[in-house]
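K.L.:
One-letter residues, chain by chain:
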Amino acid sequence: MVTRWLAPLDRKLLRDLLHLRGQIAAISVVVLCGVATVVAMRTAYRSLSLSQASYYAGYRFADVFAQVKRAPEPIARRVAAIPGVTAAQSRIVVEVTLDVPGLAEPATGRLVSIPDRRAPMLNDLHLRRGRWIEPGRRDEVLASEAFAAANRLEPGDAVDAVINGRWQRLRIVGVALSPEYIYEIRPASLFPDNRRFGVLWMSRDALEAAFDMKGAFNDLSLSLARGADQPDVIARVDRLLARYGGLGAYGRDDQLSNRFISDEIKQTRVSGTIIPAIFLGIAAFLLNIVLSRLVATQRDQIAVLKAFGYSNGVVGLHYLKLAFVGLLVGALGGLALGTWIGALLNRQYTQFYRFPVFAFELDATALGLAVLTTAFAAGIGALNAVRRAVALPPAEAMRPEGPGQFRPGIVEWVRADRWLALPARIIARNLERRPVKAGLSVLGIALAIATLVVGRFFLDAIRYIADVQFREVQRENVTVVFNQPRSAQVVHELAVLPGVLHAEPFRLAPARLRFAHRSRRVGLLGLPQDGQLRRMIDRSRRIVALPAEGLVLTRKLGEILGVRPGDTLAVEFLEGDRATRAVVVSGFVDEMVGISAYMSGRALHRLVREGGTVSGAFLMVDALAQDSLFGLLKRMPAVGGTVSRDATLASFEQTLQQSIGITMTILVGFAAAIAFAMVYNAARIALSERGRELASLRVLGFTRREVTTMLLGEQAVLTVAAIPMGLTLGYLIAVKLAGLYQWELFRVPLIISRFTYAYAVVTVAIAAILSGVGVRRRLNRLDLVQVLKTRE
Amino acid sequence: MEAVFRAHGLSKVYRMGEVTVPALRSVDLELYRGEFVVMLGPSGSGKSTLLNILGGLDHPTSGSVHFLDHDLATGGDKGLTRFRREHVGFVFQFYNLIPSLTARENVELVTEIAERPMTPEDALRLVGLGERLDHFPAQLSGGEQQRVAIARAVAKRPDVLLCDEPTGALDYETGKLVLEVLERVNREVGTTTAVITHNSAIAAMADRVIRLRSGTITEVRRNERRASPGELSW
Ligand SMILES: Nc1ncnc2c1ncn2[C@@H]1O[C@H](COP(=O)(O)OP(=O)(O)OP(=O)(O)O)[C@@H](O)[C@H]1O
Ligand SMILES: [Mg+2]
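Going down the list, the protein sequences come from chains A and B.
Take the first sequence: its letter number 216 is residue 940 in my numbering, and every next letter is one higher.
Take the second sequence: its letter number 228 is residue 954 in my numbering, and every next letter is one higher.
Since the hints were derived computationally from the structure, they do not count as laboratory data.
Glycine included, C-beta positions come from ideal geometry on N, C-alpha and C.
Certain hints may be false.
Here are the computed distance ranges between Cβ atoms for each label pair [said to hold, decoys possible]:
1) B:G916 - A:G1005: 26 to 32 Å
2) B:D797 - A:A1001: 32 to 38 Å
3) B:R751 - A:A1489: 52 to 58 Å
4) A:A731 - B:H861: 19 to 25 Å
5) A:R1416 - B:S940: 26 to 32 Å
6) B:E756 - A:R1429: 30 to 36 Å
7) A:G1005 - B:S752: 51 to 57 Å
8) B:R910 - A:D734: 44 to 50 Å
Covered, in the sense of this in silico footprint (three residues per stretch, anywhere, with C-beta under 8 Å from a C-beta of chain A), are these stretches of chain B [to be verified]:
9) 752-764
10) 820-826
Here are the simulated SDA-like pairs of lysine to any residue, each with C-alpha atoms no more than 25 Å apart in a straight line [stated by the list, open to error]:
11) A:K793 - A:G854
12) B:K804 - A:S1035
13) B:K804 - A:G1040
14) B:K902 - B:E891
15) A:K1045 - B:I839
Working from the sequences, and respecting the hints, build out all of it.
P.N.:
Quick look at the structure:
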């Protein structure tokens, strides 16, 4: 026997562990969930930010970007000479309509020029498969990985593109990645639609020839020296490009892909801090009460050890070991599970964010912190109980715990003893006698309920966002974008196409909104004032009418810019004559997705001093006719791209459900596990605390049923009392989280469905019932004689 | 003879809410080195309370109590722990064995931290339990549990042995066996021994007999001659 080699106290430890395995396992589960949450979410955060940083550095992601209508090549050299600029790279970037095999609707391809021979460059490509284009082969392209994957395209496949008014076949020779398109989305959209939008890199010669760009460029990327004055560089670039139709240079902050990833990183940092903190805090609290109660049940044994001269230190250490076994198992399990979930989350990221290598880094500091926190909480809980036990003189602690000091209380006061059966009276008196203990039990179960509510709350919120955004805000089911501003007449042509039920024009003007020192690039959306398809809504889902003058901003955009209704913004238009106009902010809307600026189409036209040009149209299309309509749209020269709401919705759900959804589903699972562990432990401890009393009652002739009722009835009362408290706590935590989850991409509304509340209550109820069944089995097996002979 | 325990004006009052229970009232007492003392008295007279205070398990409400130069009335936890560890063996009224340890291990718990203990096996053989070494308390009868508790108390060869009704749960034969063990340890090792009992027949084997009633010592009697346990009968 191994135990022969152990000191008697360690043998006691081993046997106690075996005996208390259910409770120790429950403790492990709580620790495991807390640690796994920390590890998974911090790992996701670290991996994402590390992947971004190393990708940007390794592939020379540019610092400043500029688009221009058409600038002669020498201008690029003058830009390169600006102080602080270390390299400038000119390119030709154009968007064309694509016909992708197997896709009904037209797709949009962004053609980006690359040199014929591979050489180091800014925004360098990572060739995933296939080869670089061959010099002189003007129809060869590299396809972005996201686009290729979504459309199942491989080197050797081809897509057709409308280049300069003619269909031309492009042959894919390689699949590549670029730090510019880690998150590959179409401008002004929020979620990737990789089937219908993709980047294709092709020879600069080919693009020069096709788009009349010989010796010219329309896109510029710059890298800056460390410590360069970026605003100054941007101002100088703008001055140089102004004559050639510059659209305003911008830094990484406004670079689309970078902004989304940086937002996501910020978001994972918050999720990776707040949510694990909540879980860990709850786990720590629960550990603390569980262990202190567990140790308290051994107070007479502590006294014996003391009586024979064991010091407080040795006794304390003994119980710490007991606590730490559960802790260690939980921490190791949490590490393993957390790493696995972290890898799972990372795999999710790689679907939206394309990196050449996705770094995977465990956050050792967070892990250490998580383990320390739980160890601290467990240790304090255990030691507190030990301290209380040794504070009593051994003589006192050793005698079987005296009959409690029952006094006439509320039960007697309301004369409940008249109408309550004896078991019920015993339950009532027990709760009344130890209000603090009862309160802590209630709080513990309430916290378990609260975690369940919080976990599911995010899932509710995402569903709500999708519902509001795609049913009430965007009522069109197809959006057509013209390849350049067109006359309003084109919209009438669209309106009469078969299947189109209703069409409304919109004007989208790229602009920089500036207020004091803050600014943001947005697409300023001009809408008809009496429009039916695109609606603006306020917080309570009421429709907000578009004012005749003035801007309506998404509240989040207002916050970013620091404006309030009535303030006057500078609107710098980024195309045409690039005029700057002062416009009053007339109000906010509370959309939950993206940031937008709206104004009436008429007012926008007046501002940019143009006739009734439109950028595209929102269409309400008969679902059945959608496919044939897409065929027609593909062939219309004015159409630059189409977006279908179903596709956007699908992509929204994919993006949010898969990133947040997976995390939250896991958390809900953890919350359920914690709830189970807590309720089970509470019942088991109650059994060991009261086993002797219950056995005595059985000896006196009470039936099993009556005795079970007394024990489980008390647990049931505690559980029921915890429900309103838990739901309220969950709601309050959700309020706090909703306040934090206010991102540009989406904002989490405070929506908790009844299902979520019901789910939390039912889960805890099931946990309570299963624990009750387990405890009941133990009660039935209770050996009366043994229980009376020794104390557990 | 040298007094190892010296108690003066010892009082103990239990407070339970508004009710106070005086368990000891101003007790003066000395116990001498190597003597065998029996304490008698009706239930609730304060015997256990007095023994617990002598053993450093409880603090008196007032008065002084010393073991040699250890101050037991005001000694801190550290001092009392050392006192108990180095000098005292206990047998408790409610046995208080550790349920998760076997008989042998319950004894080992004490020999482990003692300076010159017997082996746990010897100690258990001494109380006639050499065959039940690996049984858990729940597998032993009440009397057997009591004997394990006695083995546990004598195994460390303590200077002082304090026994609260060591034979209360035992049959005639086993009771005698236990008393013989106590007597032998007292005689051979010179252990100062105090035994609480309700059985006045046992008083015959004591050097001195102390009687308590309602928290005061009503009588201290010295036996001319100590009877051996074998001579006792009840
Ligand atoms: N923890 C306590 N709280 C309150 N009163 C106590 C406590 N312990 C003992 N008493 C009271 O102190 C008095 C003396 O108790 P003690 O246990 O010393 O009696 P005893 O002489 O050992 O009795 P017995 O022979 O029944 O064991 C009794 O009246 C008892 O009720
Ligand atoms: Mg007593």
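K.L.:
Kindly indicate which numbered hints from before are broken by the structure, ordering the numbers from low to high.
P.N.:
Of the numbered hints, 1, 2, 6, 8, 9, 11 do not hold.
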